[in-house]
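Now for the letters of each chain:
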Amino acid sequence: MKSRTFLLTFILFLLFYYSGILIASAVTLKSNLDSSKDRSLREHYFIVSSYAKDLNALEKRGASVDDVIGSLYRSYFDFYSKQKVILAISKEGQQLYTDLMAESAPFPRTPLISKTSDRLVSTEKFKGKEYIRVVGAMPAPYDTYVLAYYYDVSDIFSSWNKMTVMLLLSGILLCGLLAVCLLLVLHRVFRPLQQISAASRSIAQGQYENRIEVKGHDELAEMAGSFNHMAEEIQSQMLQLATIAEQKQQFVDNLAHELRTPLTAIYGYAEYIQKVVRTEEDKLFATHYIMSESRRLQNIAHRLLDMATYRGNKIELSNVHMGDLIRGVKQSVSMKAAEQQIQMIYECRFDTLLCDADLMHVLLVNLINNAMKACGSDGIIKLVAQLENEHKVISVQDNGKGMTEEHLAHITEAFYRVDSSRSRSGGGAGLGLTLCKQIAVNHEAELSFSSAPGKGTQAKLTFTSR
Amino acid sequence: MATILIVEDEVPIHELIKRNLQSVGHTCISVFDGRAALDKLAQNDVDLVLLDIMLPEIDGHEVFQQIRGTPTIFLTARSSLSDKVKGLTLGADDYLAKPFEMMELLARVNAVLRRTKKESKDFELDGVKVDFESRQVFLNGYPVECTPKEFDLLEVLVNNRNIALSRDKLLELAWGYDYVGDTRTVDVHIQKLRKKLDMDCRIKTVYKMGYRLEV
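Taken in sequence, the protein lines are chains L and E. First residue of the first sequence? That's 1 in our numbering, and the numbers climb one at a time after it. First residue of the second sequence? That's 1 in our numbering, and the numbers climb one at a time after it.
For the record, the hints were derived by calculation from the structure and aren't laboratory data. Source: prediction; values computed, not measured. Take these hints with a grain of salt, some might be off.
Said to hold, decoys possible - Quick list of simulated restraints, FRET-style, between CB atoms: (1) Leu-125(E) with Gly-454(L): 53 to 61 Å; (2) Gln-235(L) with Thr-27(E): 53 to 61 Å; (3) Tyr-142(E) with Met-291(L): 45 to 53 Å; (4) Asp-358(L) with Gln-65(E): 48 to 56 Å; (5) Glu-280(L) with Gln-66(E): 41 to 49 Å; (6) Gln-65(E) with Ile-196(L): 47 to 55 Å; (7) Asp-358(L) with Gln-66(E): 48 to 56 Å; (8) Arg-311(L) with Gln-66(E): 42 to 50 Å; (9) His-410(L) with Pro-148(E): 52 to 60 Å; (10) Asp-324(L) with Tyr-207(E): 57 to 65 Å; (11) Asp-83(E) with Ser-236(L): 30 to 38 Å; (12) Gln-207(L) with Asp-83(E): 29 to 37 Å; (13) Gln-43(E) with Glu-280(L): 30 to 38 Å; (14) Arg-278(L) with Asp-83(E): 34 to 42 Å.
To be verified - Residues on chain E that point at chain L, a partial pick, calculated with CB under 10 Å: (15) Glu-10; (16) Val-11; (17) Ile-13; (18) Leu-16; (19) Ile-17; (20) Arg-19; (21) Asn-20; (22) Lys-98; (23) Phe-100; (24) Glu-101; (25) Asn-160; (26) Ile-163; (27) Ala-164; (28) Leu-165; (29) Ser-166; (30) Arg-212.
As the list claims (entries may be wrong) - In the DSS-like style, the derived pairs of lysine-lysine whose C-alpha atoms are separated by at most 25 Å in a straight line are: (31) Lys-98(E) with Lys-283(L); (32) Lys-283(L) with Lys-204(E); (33) Lys-373(L) with Lys-460(L); (34) Lys-283(L) with Lys-169(E).
Built from N, CA and C at the ideal position, the CB exists for glycine as well.
I would like the entire structure built from these sequences, with the hints used as guidance.
Right, dumping it as structure tokens:
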């Protein structure tokens with residue numbers, strides 16, 4: 001591209017420059033010749049008329065024309081030859097007094113002129129010199145004599161030649177200069193392109209943080225800008241993909257751990273029954289654990305299935321009466337709340353909510369269960385449904401142990417446990433909040449948490465779309 | 001036998017390990033988090049620590065760095081190579097990834113104890129006394145002639161006492177992986193041991209399973 005542009009520009013320049021020179025010099029030459037011709041015509045006319053006058057005067061004094069014409073011609077010839085003009089005179093095509101011109105010419109015969117008033121102008125070349133020839137008859141009564149006027153224009157031609165050579169030489173010099181300048185300019189122009197191609201290569205190799213320096217406000221800068229924008233987009237998308245992949249990996253790792261622990265226990269207790277157990281009590285003890293661990297696996301499987309279902313299916317929204325919804329939730333949690341001696345408070349400040357009643361029930365029960373785990377006995381859990389900035393908001397507030405910012409960021413991740421040991425003393429499969437989040441997303445609602453260690457946690461569900 | 005500290009927060013697995021170790025005659029101390037483990041270690045004389053890595057309060061690696069000196073086997077659900085290498089470079093005596101078989105745990109516990117425990121390695125039951133150091137067996141104070149394989153078999157039974165061992169397992173443990181032979185070899189040797197040591201009621205046949213030395 002660069003070399004092509006260079007060649008093309010260069011050739012075009014040469015073409016225009018030299019044709020310019022050619023035209024200019026041709027025009028100059030032509031105009032010079034034209035003015036010389038005019039001058040020659042005028043002079044010819046002047047010479048011819050003064051010649052005729054002189055002849056006339058001499059004739060009146062009684063001299064013969066044929067004699068006088070020779071002497072007159074001699075004096076005229078001498079006078080004009082100093083001005084680079086050669087005069088020739090002829091009668092009926094016959095060159096007269098050729099001896100004078102011996103040193104300067106064998107000039108060709110002066111052509112015959114049909115009409116006496118006509119004058120013939122032409123450029124002739126003799127002995128390597130250019131001449132303008134004007135041929136014309138003398139005025140009557142001497143019109144049998146024809147005067148040829150030769151004006152030497154070699155100077156014009158030689159100066160024209162000199163000028164042409166000068167122009168050509170300067171042209172070559174200019175071409176050299178132009179080539180250098182053009183290369184520099186092209187280098188400057190193409191540098192951003194090279195940078196862009198280098199940057200795109202490095203991006204293709206996975207170095208997404210590479211950017212191009214943007215200078216000025218021209219089209220290239222604009223292109224560099226949009227290229228940078230593209231690179232940024234790619235980088236952020238790649239980052240997103242990497243994060244998603246990492247989350248997936250985390251999920252799989254966690255799932256493996258979650259499955260491995262109960263499996264170890266189940267296998268271990270089965271082995272224990274097979275190889276060690278001798279009393280009925282031992283057997284009961286072992287089977288109890290096998291059953292509870294199996295249930296745990298089942299629980300995980302159910303939750304995973306639920307999540308897959310909620311993710312894939314579009315939910316059907318209907319206007320659900322808040323009273324019904326809260327009554328259902330109350331029924332589900334009241335037993336456990338009473339067991340743990342937790343005080344439940346329900347507040348509702350709007351009537352209906354556009355949602356899927358079953359899913360919303362699952363979500364709220366899950367949130368309350370989490371709150372119960374955090375509380376221990378003598379806790380207070382408050383479920384509040386109210387309007388905030390014209391958005392419907394349902395919040396679940398507990399006064400339990402709370403958690404740090406660091407944990408808050410991860411609690412909706414599958415299998416994430418606030419306790420790093422992943423102990424199940426709190427129970428559950430570690431999928432509850434992941435499920436809640438999925439349900440919230442299905443309802444186009446935002447699920448957020450705020451908490452401080454020792455001060456309890458608030459889960460807040462904000463319905464943004466309505 | 002040895003005193004073993006079990007540090008594991010998953011209750012079912014904790015119970016399982018404890019019961020298995022107790023059945024082969026070890027004394028177990030149970031703790032469920034890192035801090036308690038350090039407390040118990042300060043109070044008791046412990047021969048071996050079974051240490052889970054993911055623990056509440058203080059994690060396994062940290063606990064291990066503070067108990068330098070006591071033989072330790074790491075138990076963990078993380079089975080990646082880097083985790084194993086980390087565990088072993090820290091200086092652990094062994095590393096066991098969940099899920100594991102109890103037999104494997106017992107074998108490793110025995111191996112570590114054999115390496116680290118300095119006191120005599122005798123086993124006594126009824127009138128039988130087994131001296132593992134000199135590889136001698138005594139019945140009521142009188143030495144009993146045993147072939148090397150019979151002694152190996154007895155050692156396996158003693159180390160895994162109260163645990164039923166299949167004939168295949170016994171072949172593997174006493175004869176080695178590369179032994180090509182009938183499982184009836186095991187039956188023959190067991191019969192001989194029972195006769196020589198008068199252990200008919202101790203070495204029990206477990207139906208459809210194998211044999212168990214009951215203590």
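message = Tell me the hint numbers this structure goes against, listed in increasing order.
response = As far as the earlier hints go, not one is violated by this structure.
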